[in-house]
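Both chains come to you apart, so use the hints to assemble them.
One line per chain: the protein sequences are A and B, in this order.
Just so it is clear: in the first sequence, position 40 is 44 by my numbering, and no numbers are missing.
Just so it is clear: in the second sequence, position 154 is 777 by my numbering, and no numbers are missing.
Since the hints were made in silico from the structure, they are not lab data.
Any given hint could turn out to be false.
Partner residues aside, some chain B positions facing chain A, computed with beta carbon under 7 Å [unchecked claim]:
| hint | residue |
| --- | --- |
| 1 | Met-677 |
| 2 | Leu-679 |
| 3 | Met-711 |
| 4 | Glu-721 |
| 5 | Ser-725 |
| 6 | Val-729 |
| 7 | Ser-773 |
| 8 | Tyr-774 |
| 9 | His-776 |
Residues of chain B placed beyond 10 Å of chain A at every Cβ, according to the derived structure [as the list claims (entries may be wrong)]:
| hint | residue |
| --- | --- |
| 10 | Leu-642 |
| 11 | Phe-651 |
| 12 | Ser-749 |
| 13 | Ser-779 |
| 14 | Pro-933 |
Computed from a prediction, not measured in an experiment: that's the story for all the values here.
C-beta: ideal position from N, C-alpha, C; glycine also.
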Amino acid sequence: MLGYALDRLLTLVPTLLAASLLVFLFVRLIPGDPAAILLGDAATPEQVAALTRELGLDQPLWKQYFLWLGNILEGDFGTSIFFGKPVLAVIADSAETSILLAVTTMGWIVLIGVPIGILAAVRQGSWIDQATSGLAMLMASVPTFWLGLYFILVFAVGLGWFPSSGFPSITGEGGLLNLRYLVLPSLTLAAPNAALIIRLVRASMLDVSREDHVRTARAKGLHPLRVAIKHIFRNALIAVAGAFGFTFAALVSEAVVTETVFSLPGVGRLVVQSILRRDYPVIQGVILIVVVFYMFVNLLVDLAYARLDPRVSLK
Amino acid sequence: MALLEVRDLGLAIAAGGRLLPVVRGISFAVEENETLGIVGESGCGKSLTALAIMGLLEDTAIRITGGSIRFEGRELLTMAPAERRALMGNRMAIVFQEPMTSLNPVYRVGDQIVEVLRQHRDLSTSEARERTLRLLEMVQVPEPEQRVHSYPHQLSGGQRQRVMIAMAIACDPRLLIADEPTTALDVTVQKEILELLQDLQKRMGSAIVLISHDLGVIAETCDRVAVMYRGTIVEEATAGELFANVAHPYTRGLLASIPPADRDVEWLEAIPGRVPAVDQEIPGCAFHPRCPFVRDLCRTARPEGRDFAPGHSIRCHFPREWRT
Numbered sequence: 005m006l007g008y009a010l011d012r013l014l015t016l017v018p019t020l021l022a023a024s025l026l027v028f029l030f031v032r033l034i035p036g037d038p039a040a041i042l043l044g045d046a047a048t049p050e051q052v053a054a055l056t057r058e059l060g061l062d063q064p065l066w067k068q069y070f071l072w073l074g075n076i077l078e079g080d081f082g083t084s085i086f087f088g089k090p091v092l093a094v095i096a097d098s099a100e101t102s103i104l105l106a107v108t109t110m111g112w113i114v115l116i117g118v119p120i121g122i123l124a125a126v127r128q129g130s131w132i133d134q135a136t137s138g139l140a141m142l143m144a145s146v147p148t149f150w151l152g153l154y155f156i157l158v159f160a161v162g163l164g165w166f167p168s169s170g171f172p173s174i175t176g177e178g179g180l181l182n183l184r185y186l187v188l189p190s191l192t193l194a195a196p197n198a199a200l201i202i203r204l205v206r207a208s209m210l211d212v213s214r215e216d217h218v219r220t221a222r223a224k225g226l227h228p229l230r231v232a233i234k235h236i237f238r239n240a241l242i243a244v245a246g247a248f249g250f251t252f253a254a255l256v257s258e259a260v261v262t263e264t265v266f267s268l269p270g271v272g273r274l275v276v277q278s279i280l281r282r283d284y285p286v287i288q289g290v291i292l293i294v295v296v297f298y299m300f301v302n303l304l305v306d307l308a309y310a311r312l313d314p315r316v317s318l319k
Numbered sequence: 624m625a626l627l628e629v630r631d632l633g634l635a636i637a638a639g640g641r642l643l644p645v646v647r648g649i650s651f652a653v654e655e656n657e658t659l660g661i662v663g664e665s666g667c668g669k670s671l672t673a674l675a676i677m678g679l680l681e682d683t684a685i686r687i688t689g690g691s692i693r694f695e696g697r698e699l700l701t702m703a704p705a706e707r708r709a710l711m712g713n714r715m716a717i718v719f720q721e722p723m724t725s726l727n728p729v730y731r732v733g734d735q736i737v738e739v740l741r742q743h744r745d746l747s748t749s750e751a752r753e754r755t756l757r758l759l760e761m762v763q764v765p766e767p768e769q770r771v772h773s774y775p776h777q778l779s780g781g782q783r784q785r786v787m788i789a790m791a792i793a794c795d796p797r798l799l800i801a802d803e804p805t806t807a808l809d810v811t812v813q814k815e816i817l818e819l820l821q822d823l824q825k826r827m828g829s830a831i832v833l834i835s836h837d838l839g840v841i842a843e844t845c846d847r848v849a850v851m852y853r854g855t856i857v858e859e860a861t862a863g864e865l866f867a868n869v870a871h872p873y874t875r876g877l878l879a880s881i882p883p884a885d886r887d888v889e890w891l892e893a894i895p896g897r898v899p900a901v902d903q904e905i906p907g908c909a910f911h912p913r914c915p916f917v918r919d920l921c922r923t924a925r926p927e928g929r930d931f932a933p934g935h936s937i938r939c940h941f942p943r944e945w946r947t
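With the rest of the complex left out, here is chain B (with noise of 0.2 Å):
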């Protein structure tokens, strides 16, 4: 049994009395111990996805139009709210994107810590606090016994992600998901976050589910890799087969606009288009209309899952078109 195994998830945008698809009936599974990474354009569905497996979807007009999302073993999505919360901080915790803006600007960061701990593990104040002082060792904050009487607004971006990182790790999540957790920062602090992630996984133990719009941060660090075009997973497989046998065109040109680190070009090849909005139907595969290689049925017909190598999943219905 897989830690987190999401089947046929569909969410929509509710907009003016319609519900406008956003992902469209996603599966993917996380094992204990591996590293998972997303990877798409922004407004993929990549965010959205993890919101709802954090169950953070409610009060926002996004709607879960179908699917399920079990978590050792239990659906997430008929669970009571206050079962779920259990969950959630606890046994599965999220990194965000933005660390300016995602800490609690009145508090201090060291009680915003003690919160979740206390929430969750039957601790006094002290032992929380002694808690809240190894984690923010664990994560590198230096000084810890000084910052944990810092505001957010006194500390860098590295170090408030560090201080997100500590919150939840706090109460040693099962399933970490961290949502583009470098992609504010510094290239130099990416760096030394991701390389905290890792770290903190191995010394843990948990699942991590990477989402990000980088091929290059996901390459580093995942396990797997599925890449997300409009709410669709349209290529799944081990980072080392994906890079080394790349058979969708989305994800080609995801590749190739990454600029080579061994020489200098003058031009970085760009996938042509952009991401189709929401409201949009596209009949067929969903990328044809940007695709170099769209044939006649790409138009038509929606391309189904299968297996292009053994554990290498596609969707498409001409893959590795550019080799013929």
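One chain only, chain A, in its complex shape (with noise of 0.2 Å):
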């Protein structure tokens, strides 16, 4: 397992090349000049050009490109145009915030995704199941940014349970009782995706009802619910696994609008700045980390499935 994980790692490499690359070429295609923007409208023609030289912009292409990538290699992922600090420390500052929001979101997942999917399967066809259904195609449906509103609306605002926005860290004062924060905007980041685990749950367990071991399983008379847990549920976790993943990578960039709507210091906001500020190193540092981040989840799939799965072998 580990032999593979290594392998699985070195793999990586050339991915992750073509993926600067693509970045690299990608951010420069949004139209405006950094230099420009960063100078405001009062800035002469003069001092633009001196600026523009000062961050290299005036190199070719393929000259920035290569220096950006030397410099990573040692570590540097350059500096910020506009916060004139080191990339790293720039991410570092938004990452605490959006790491505690993407597992405090994939919390929720779990927690509301998969009882409410393995009772909508145990109860297939029931009123539960119509409602369960129900439920899953609304929280699916009511876009984010508006379900964000109205849970501030009605729970900050109107309730007074949860702040409505911002986020202090968890290491300053109040601890981790900071997280409350995070309440309202990691329920509504999760509200979709749990329902997308709510559907899949149900549909893979009725798949896995149908299998022939689960015949034997009742031929031994256990307790329907133990057969519905420990022989169809465990059985649908294999498929269920991989979404697992991919909903958890996905939350990176899923989080830009609720960040937006609760003001809170995540990435997502991170970058959507960056690109209103042509700030080209930290937005190719932080899409750079964000495709490492997906091939390590991915990998970190592999491996569960591995797990689950018996039958699975890791060469």
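This is the structure in structure tokens:
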């Protein structure tokens, strides 16, 4: 298993190279001049040209690319044009919010999606099944920005249960209690994904329940609930595990809207703002790290498959 | 009192708001220690009968439309689910046709046997493991100490079927239903499995209902044989009487389609036509469209069951017609 993981990490190298080139080129396709934006409307053409030279943006593209790539190999992702700080430091500032948001969101997805999905499958065709199916449809189709605003209106402004915006670090004053700032955003972000998991758990369980070995389990005289959890759900989990992985990885980009609605200092908002500022190094840095994150999650999913399904052998 | 007594059992498929009968009021009994063979073509209702006895028709499209199934004197069809589950895998057990798919792929085979033992017996995990090893020895799985840790996909078809049998006999069932237990296996393995079932029956003294489409398999193993055609038992007798004294044209057709072992034949006799679709209404005798000896009466009147000889019952207007 360790050998397989190392092999897989090696295959990441060419993928990462390709990704870095794409990221680099696409970012430069965004119209607009970073130096001009940084200096504002009042800047003279001479000032803009001077800054452009200072930032190295007057060099040929291939030179800029290799310079950037070479620095990354030394652990230097460049300096933010806007903040004037190292890109990694800028990302690190918003990483805490994003990681905690993703983890709490994932918690909701599992907590909401799995039990409701199991319930819907066990009670297939009943009113419970219909109700959960309707709920899932609603959760999937309500836009997150609307849901977020609605949550703020009801639970923050109306009932005053949770704060409506921002996120002070859990290392600062308030400690872990500051996680309450993430309750509404994570629920907002979880809703459409939990809907997907509800439907997926239900569908996979119904698939598995038609398999012969489930009949064997029933023939043993086991309680229907034990058959549902230990025999049906355990096999359905193999199909659902992949969805968990992709959902988790996709949360980073899905979080953009939610982070904006709740004014969270997360990575998603950092990307959007950096694009508006034409802060090339930050955009490139974030996207590259997100790519690595995606590939890492993929690897974890494959390793999880091998754990969940003894028929899968890792080679 | 018979161990298992099935009376007028009717089963139907619920399809598009209609109930299409698939088993039309069959009756039979199984005594302690006896092996009853149920034989018939695919779709004759023999496997559904097995599932009905085991209580495995829940959540399927099959409905029980009437009759009774009594086991050890107790009516199964009206029994509370929890009571019924206490019998399943315990007093009565089943071995299925498909050893490849009948075991849960994500659990070790040993654990799957332990599960049924702990469900019905008050055993600690280590006691259940110990008993599992002995069960695997009984069903002649080689190297049971290693095999208990195997996953189903690491075993051959024959070994998986042995594991299924070990699981079925784990709690010493009084009734063992074997639904085409050898159909999916190689011929050489088939014979071993059948011998194993017979051997286990001798040791445990339980009754076996062996379901097969293969009269050869039935002839080798069963004390008594019931021949099913389109949801009805058309002929029933002890194995010796049946093979010596075939009376129903359908049974004769089944026998004639077995290749003889002692000589080469160019052509095997086949039963003409095919099993009619479930939704097809057939007046008179259900077999008449395929019967080579059909007469007018067969097309209009459904034959009632009657004794052809002592202990040999039949549903046919003109039994042994081919002799006249």
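Right, here's what the structure says about each hint:
Hint status for Met-677 (chain B): holds, given a least beta-carbon distance of 6 Å to chain A, under 7 Å. Using the Cβ-Cβ criterion of 7 Å, the hint placing Leu-679 (chain B) at the interface with chain A is satisfied: the shortest such distance is roughly 6 Å. Against a cut-off of 7 Å between C-beta atoms, the interface hint on Met-711 (chain B) holds, since the closest Cβ of chain A lies about 4 Å away. At a threshold of 7 Å, the smallest CB-CB gap from Glu-721 (chain B) to chain A is about 5 Å, leaving the interface hint in force.
A distance limit of 7 Å between C-beta atoms decides the matter here; for Ser-725 (chain B) the minimum to chain A is near 5 Å, and the interface restraint holds. The beta carbon of Val-729 (chain B) is positioned within 7 Å of a beta carbon in chain A (closest approach about 6 Å), and the interface hint is therefore held. Taking 7 Å as the C-beta cut-off, the interface hint given for Ser-773 (chain B) is violated, the closest approach to chain A being about 9 Å. A least Cβ separation of about 4 Å between Tyr-774 (chain B) and chain A falls short of the 7 Å threshold, and the interface hint therefore holds.
For His-776 (chain B), the shortest C-beta to C-beta distance to chain A is roughly 5 Å, which falls under 7 Å, so the interface hint holds. With a least CB separation of 18 Å from chain A, Leu-642 (chain B) remains clear of the 10 Å interface cut-off, as annotated. Separation of Phe-651 (chain B) from chain A is adequate, the least Cβ-Cβ distance of about 21 Å exceeding the 10 Å criterion. Taking the minimum C-beta to C-beta distance to chain A, about 20 Å, the non-interface status of Ser-749 (chain B) holds against the 10 Å cut.
Annotated as non-interface, Ser-779 (chain B) keeps its C-beta farther than 10 Å from every C-beta of chain A; the closest such distance is 15 Å. With a cut of 10 Å on Cβ distances, Pro-933 (chain B) stays outside the contact zone with chain A, its closest approach being about 37 Å.
Going down the numbered hints, you'll see the structure goes against just number 7.
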